[in-house]
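Number of protein chains: 2
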Amino acid sequence: MPVEISSRVAALKNVATRLRIDCVRATTEAGSGHPTSCASAADIVAALFFSEMRYDARNPQNPDNDRFVLSKGHAAPVLYAAWAEVGLLKREDLLTLRRLDSDLEGHPTPRLSFVDVATGSLGQGICAAVGTALNARRIKSEYRTYVLLGDGESAEGSVWEAAEAAAHDGLDSLCGITDVNGLGQSGPSIWNHDMEAYAAKWRAFGWHATMIDGHDLPEILDAFEEARRTKGQPTMILARTLKGKGISIAEGKSGWHGKAFKKGEELDKVLKELESQLVPEDEPAPLPDGPRTRRDNSRPSSPPSKGTVGTPSYKIGDSVATREAYGTALAKLGDGDERIVALDGDVKNSTFSEKFEEKHRDRFFQNFIAEQVMIGSAMGLAARGAIPFPSTFAAFLTRAYDFIRMACISNVNVKMAGSHAGVSIGEDGPSQMALEDLAMMRAQPNMTVLYPCDAMSTERLLELMAYHPGPVYMRTSRPKTPVIYGPDEQFAIGGLKILRESANDAATIIGGGITVFEALKAYDQLQKIGISVRVIDLYSLQPIDSRSLLRCARDTKRIITVEDHYAAGGIGDAVATCVSASGFTVERLCIRDIPRSGTPEQLVDHYGISSRHIVAAVAS
Amino acid sequence: MPVEISSRVAALKNVATRLRIDCVRATTEAGSGHPTSCASAADIVAALFFSEMRYDARNPQNPDNDRFVLSKGHAAPVLYAAWAEVGLLKREDLLTLRRLDSDLEGHPTPRLSFVDVATGSLGQGICAAVGTALNARRIKSEYRTYVLLGDGESAEGSVWEAAEAAAHDGLDSLCGITDVNGLGQSGPSIWNHDMEAYAAKWRAFGWHATMIDGHDLPEILDAFEEARRTKGQPTMILARTLKGKGISIAEGKSGWHGKAFKKGEELDKVLKELESQLVPEDEPAPLPDGPRTRRDNSRPSSPPSKGTVGTPSYKIGDSVATREAYGTALAKLGDGDERIVALDGDVKNSTFSEKFEEKHRDRFFQNFIAEQVMIGSAMGLAARGAIPFPSTFAAFLTRAYDFIRMACISNVNVKMAGSHAGVSIGEDGPSQMALEDLAMMRAQPNMTVLYPCDAMSTERLLELMAYHPGPVYMRTSRPKTPVIYGPDEQFAIGGLKILRESANDAATIIGGGITVFEALKAYDQLQKIGISVRVIDLYSLQPIDSRSLLRCARDTKRIITVEDHYAAGGIGDAVATCVSASGFTVERLCIRDIPRSGTPEQLVDHYGISSRHIVAAVAS
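Listed in order, the protein sequences are those of chains A and B. All you need for the working numbering is the position in the first sequence, starting with 1, plus 375. All you need for the working numbering is the position in the second sequence, starting with 1, plus 375.
Hints are supplied without guarantee of correctness; some may be wrong.
Pairs count within a copy or across copies, as identical chains cannot be separated in the list.
In silico lysine-lysine, BS3-like type, Cα no more than 25 angstroms apart, as pairs [as the list claims (entries may be wrong)]: (1) Lys855 - Lys647; (2) Lys647 - Lys690; (3) Lys855 - Lys638; (4) Lys690 - Lys855; (5) Lys628 - Lys606; (6) Lys855 - Lys634; (7) Lys634 - Lys932.
Quick caveat, the hints were computed from the structure, so don't treat them as lab data.
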């Protein structure tokens, strides 16, 4: 080995040893954590942070920094230790790990400036990394994305969704490293140390795959160089490692997953052993080179322009499905804002995201039938400044609920649209009907939930959701519905519309989406028999306009909700939360059984949410 | 081709043609559906039903019948047509497709005797097929499982979870067929007709893979024979097909996905073309051979024995985590009932399902970190008579929500356990905390939701859940909690326990799991200042004991819920549904922000669900 390289290797080896020491100290101080999962990855992380990656160490948010995603989030201490080694964190702060007053949580979250998305639910980080790699293209940056996976997490199907998406898009700026330490939580990982088993899979999915000894620094550095030289496809470096490397009581042994070493003799012994592994070095590892892409910072950059849907072209009485209005509006919004991107899961002609694709082909990502990587890559895109709109049937967003959960923990700007909500889709049957999506979305405390009933409100709400901070969900419907709002109508996140109102209303009927029209039909029928009711379009379920709902409850005494959704967690529960504290009861019309196939009209009536049932409820 | 084979092929070819005709007729009559996706699969289905599969055509539920899972559920009409061809359905009934009064729904559901699990959410059927194949081993039957996938659905990560699980278990009784028609809904499928791309993937995942022309019946029959001869690994037959095969206006063309042919000229032309493809045959295809395994039916079979946890060994005051009590009870229950099986996602030493594994190794399935195939294969096992208990961290059940949704549509006996609920897990942070699981589970109308607070109730509820029909979820906790119930205490699905009660209670405090103990602590503190409160352990959230809750509301006027769960969809909403119709308000203590790391005690207090907050709420 030439002197220069050997000197650099010695310095990196010492970085790795210090990372192991820091991880052991921090987890013992916390009394829990994963020191052995950090130890297997330490050499790889040292090589990344002090040789391979190019980034501004003082500004982790520099848009041209190489990105590092720790998909094996339980190795969080090695990430924190690396940033301490770089100088962004104080070394002593590492000892606050997992404490309530510290941002150094058990698994990484974007409370920390150097974390793009929260990890810790395995198999998600690589999906987010696909998103950050796609973002590099979007902003025309040469940054590269590195993602570190565990071998255990390779069993998650989402990893193979990411593999497929990255290969399909030829993401050669993406470099994965699998830390194959051979041990899962409860025993050997599925393919243990069978490196060829991993390589065959990644190659079959279209990646360049290379196998190395994950503790041999020259091999690690060579593999990164090979990845950089590989064009047209992403690279996966399969690194054979030992869990607990460098710590003889734990190295390569089962039974040490997620265990901190005990203070006292055990800790002292481990630290002494690790310290003995420090080697003489000529000079310490230098700080990383800055980003490849240099932006001209002499001109002050203007804030990004916002898009607008302009003046919608709908006329009152037009018949347009909200899903179609969604696509139309998104395409227009994209005209004025380069940050808007769309993703879809092979249903673009049903969600109408194809309208966006037609106008903005380079900002449309086809994820085929793979909802997890669709939401995961949207998370990565959002973390790097894009405003992604992933869409599919609302029913199939349940496929990505763990990703949605993590998007909320990350509080990223993911703007989801779910079409084909409820029994009103008709003949396709229950597998295609979202009847729990409102419950699933409302359960997340920082999720905004919107549910427009007509094309005009869809356009306006889409414009609002794009620029509302944090995750947002819009529920759209399959059937065509009449346009009821004019172009000057104002909407607000957290608002509602009172569509019918009089001084002597016998009840307030609250609907959303298609049931707004059932409520309006019921209104007309009730008028004929001399009964007035108030009708509300509850287009924003979270946040919700409690004040107006309460006022209506006080005015009319009776509150009846009507929704194309199961009983729990939807409009009924949302309204109840607002009015029940003041003693008002919510009567609910909703889907109480698992539905079957039929025409939309039949199902809406059969399952009890049609105008006929509203009239009966009011009259009862 | 020898005469005998050619005669058989002619007969099968005619079966396939009749299937196409039936699918075209049925979808046109329904006015929607997927005739072209049926047409690509018709030759494969004809070969399966009239040559390859061995089953009792009069009794689709014969336990030794070969199983057929239509993973590409949108091709439902070809499944229905095949059973009509076999004679189980009347041919004219096919024309009731997708009607409200017909069980022939848009996608298959187990309302039909020949459907094991509902399909239509792509990538799930193959997971269920892993379960039915595992079941053959369990009941020592030689039946084989066939599963038909679309090429589009191969993009779902769950398909690769199934691939990995089936290869790991060496399931040579499992034979997949991918109908590679090259076209998805919105355009070409991800790998189109690149058959080698599919084969490389399946081989890398450890399957025997073979490529055929999916319209060449001798090739199809040979591939099935090869699959039967392949031992120690599952087989995937990759069948190159044309979407809309046999119908020249649609064959191999984009733009025909999910479209029925129009009545009149278009339909007539299509039918005429298909009818012209009928060939002369010597004799019609014979009905299938019966099952390979022949049971001795001369002795009347006794009903399967139920297991029992016996007399639990806990003493009041013992300190045991409910997750550990779960494992202990499950192991005992398995002693008395061979149908009980357990599945886990590499956290058996956290969920304590390892206790079951230790006693019943042949009935424990390790799914590594792959929650979708864990729930999916549990669905398949349940459909064939097993009583599967899949377990993981409750947070990671969100990964399988689409599977849970379909398990509910299927109404199968899947008994899920989610451990590590809520902020009380402590230092690991939000990624590992389930705070939306109750909302997610309660949203499904036929899901039973249980939440024991101590080891004794865990044992009793586990025994009940095993034999309660339909899907059941049990939420368990990480921290140890004191045993408060004696061995003679009775529990019921839909019950609750009033732990403290007096004639002059100022409020009713309702908790579940760890918050029951916060409520009991608050009770003691309030007693000291002369305030009595009622305390309820709401161990059954769905169904729920409305009557008792309402009685307590009437007695105490105030209702306060305390839960280690987000605000929406949990205990507060469940209780409100019971009492708010009578004008009672539910005050809620719950987790209102996305939490962070800390000790369990710190977090329970910091996020407002500790005894201190209960006392303050009562006193306010």
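Hint-by-hint comparison with the structure:
no., hint, result
1, Lys855 - Lys647, "neither (72 angstroms within a copy, 35 angstroms between copies)"
2, Lys647 - Lys690, "neither (77 angstroms within a copy, 45 angstroms between copies)"
3, Lys855 - Lys638, "between (66 angstroms within a copy, 23 angstroms between copies)"
4, Lys690 - Lys855, "within (14 angstroms within a copy, 62 angstroms between copies)"
5, Lys628 - Lys606, "neither (38 angstroms within a copy, 33 angstroms between copies)"
6, Lys855 - Lys634, "between (57 angstroms within a copy, 18 angstroms between copies)"
7, Lys634 - Lys932, "neither (58 angstroms within a copy, 48 angstroms between copies)"
Hint compliance for this structure: hints 1, 2, 5 and 7 are not met, and every other hint is.
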